[in-house]
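Work out the full structure: start from the sequences and follow the hints.
So you can see what is in the structure, the chains are spelled out below.
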Amino acid sequence: MSRRRTFADKRSVLAVSVLVVFAAIPLLSSLISYVTARSAQPFLEMPDPKYENCVRETEYMRYHHWELLAEVREDFVRHGKRGDITLSGCKECHPNRERFCNQCHNAVNLTPDCFGCHYYPETPEAELMETYLNGKTTAPAAIAAAERNR
Amino acid sequence: MDRRDFLKRSGVFLVGAPCAYVLHVLPVSGARASSGHATATRRWGMVIDLHKCLEDCTACVESCRHENNVALHGDERWDVYWIRKVDIESKEPAVGTEESVPLLCNHCDDPPCALVCPVQATYRRDDGIVIVDHHRCIGCRYCMIACPYNARFFNYKENHDWHNKNYPKRSHGVAEACNFCAHRLDDGRLPACVETCQGIAGALTIGDLNDPHSEVSRLIADNPVKRLREDFGTEPKVYYIGLPGR
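Chains as they are written, first to last, in our numbering: chain A, 1 to 150; chain B, 1001 to 1246.
One thing to keep in mind: the hints can contain errors.
[Unchecked claim] Below, computed lysine-lysine pairings styled on DSBU-like, alpha-carbon distance capped at 35 Å:
1. A/91 x A/81
2. B/1085 x B/1157
3. B/1085 x B/1165
4. B/1052 x B/1165
5. B/1157 x A/81
6. B/1226 x B/1085
7. A/81 x A/50
8. A/91 x A/50
9. B/1157 x A/91
10. B/1165 x A/91
11. B/1052 x B/1085
12. B/1052 x B/1226
13. B/1165 x A/50
14. B/1165 x A/81
15. B/1052 x B/1091
It is worth saying that the hints were derived from the structure and are not from the lab. Keep in mind the model is a prediction, meaning the values are calculated, not measured.
Put into structure tokens, the structure is as follows:
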């Protein structure tokens, strides 16, 4: 009798530990990606300093820009209220997806499907971006030139 | 509080809370937002004059394809049309066939596609345009089955035609249909098909059905017009001049 109970105990301990391990996997993976995101230093191509601020402060934009975009999307698509925040407005200051959006998205292994339908230039000519970064052209001009070259 | 008091109070709460909700006493988050479509007093409708429409002309189809990035794979199983030319045959043999009728979403006032949509991705705007919110669409294709005009198409494949970069394309797995170029109407421009046709044949006219002095209202009043399958009671807003049959 006592032997049996021990066996049952062992089995339940085993079952619980297996469960805990499996439950921990998603938690751990998200924890890892969170830590990576916090610790990684992706190269973010920042806009011309003459555009002082984004539509919200940088820290908020870094983690919550997608909430903001989802909110304005809901307002526009469902209620017809077009505000001044749009995805194409992002392009004004951050013309290159590869050097801005994708940096963090890749670091945290995210593939948002915005860009499957909304046009956002991914890889304009590196040269053009260099001239833009050196202040020889503006972001809209760089976009226009990149689109001509496509 | 004794047991009796507790039961009384919870009873009051259980009955009172739903009543308060229904009567809008409590402020509820997500309460029905008033629609901000600036054109809510309008009701967009289209008139198609088949006497003017040229038989071999597909300018409206092409311009729509370029404006709205409508997928063309070169295979009729996967091609998408927001507007297309079809042959309509009357059930009475004496009346015959009308060839090359432009057929598009009829923007029904009582749209069956919106009725069946399980996620409310398809809905009717206040100005009468039936529109798909592709962010919500789950690709179940109920709307394609519900639509009596076969005006809805599904993106079975990824679309790589991106003619107009200012307008989004649709990705693989969502249903779509004509939206009267809502983005252009909101900007005060004409839909691509109407704009193109006005330079060629002038068969397509769009306007406000609520305004008795608008071009469409005048055309409807002055001509014998028909709508497709009015017997379904979907109240379509695309009117045809010169459609055969009763």
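Hint-by-hint comparison with the structure:
1. A/91 x A/81: The hint holds at about 21 Å.
2. B/1085 x B/1157: 23 Å, holds
3. B/1085 x B/1165: 26 Å, holds
4. B/1052 x B/1165: 32 Å, holds
5. B/1157 x A/81: 32 Å, holds
6. B/1226 x B/1085: Given that 35 Å is the threshold and the Cα spacing comes to 17 Å, the pair holds.
7. A/81 x A/50: 29 Å, holds
8. A/91 x A/50: Within the cut-off at roughly 16 Å; holds.
9. B/1157 x A/91: Roughly 28 Å separates the two Cα atoms, so the pair holds.
10. B/1165 x A/91: 13 Å, holds
11. B/1052 x B/1085: 14 Å, holds
12. B/1052 x B/1226: Answer holds: residue 1052 of chain B to residue 1226 of chain B is near 16 Å, not above 35 Å.
13. B/1165 x A/50: 27 Å, holds
14. B/1165 x A/81: Distance ~22 Å between residue 1165 of chain B and residue 81 of chain A Cα, so the pair holds.
15. B/1052 x B/1091: 24 Å, holds
Comparing the model with each numbered hint stated earlier shows that all of them hold.
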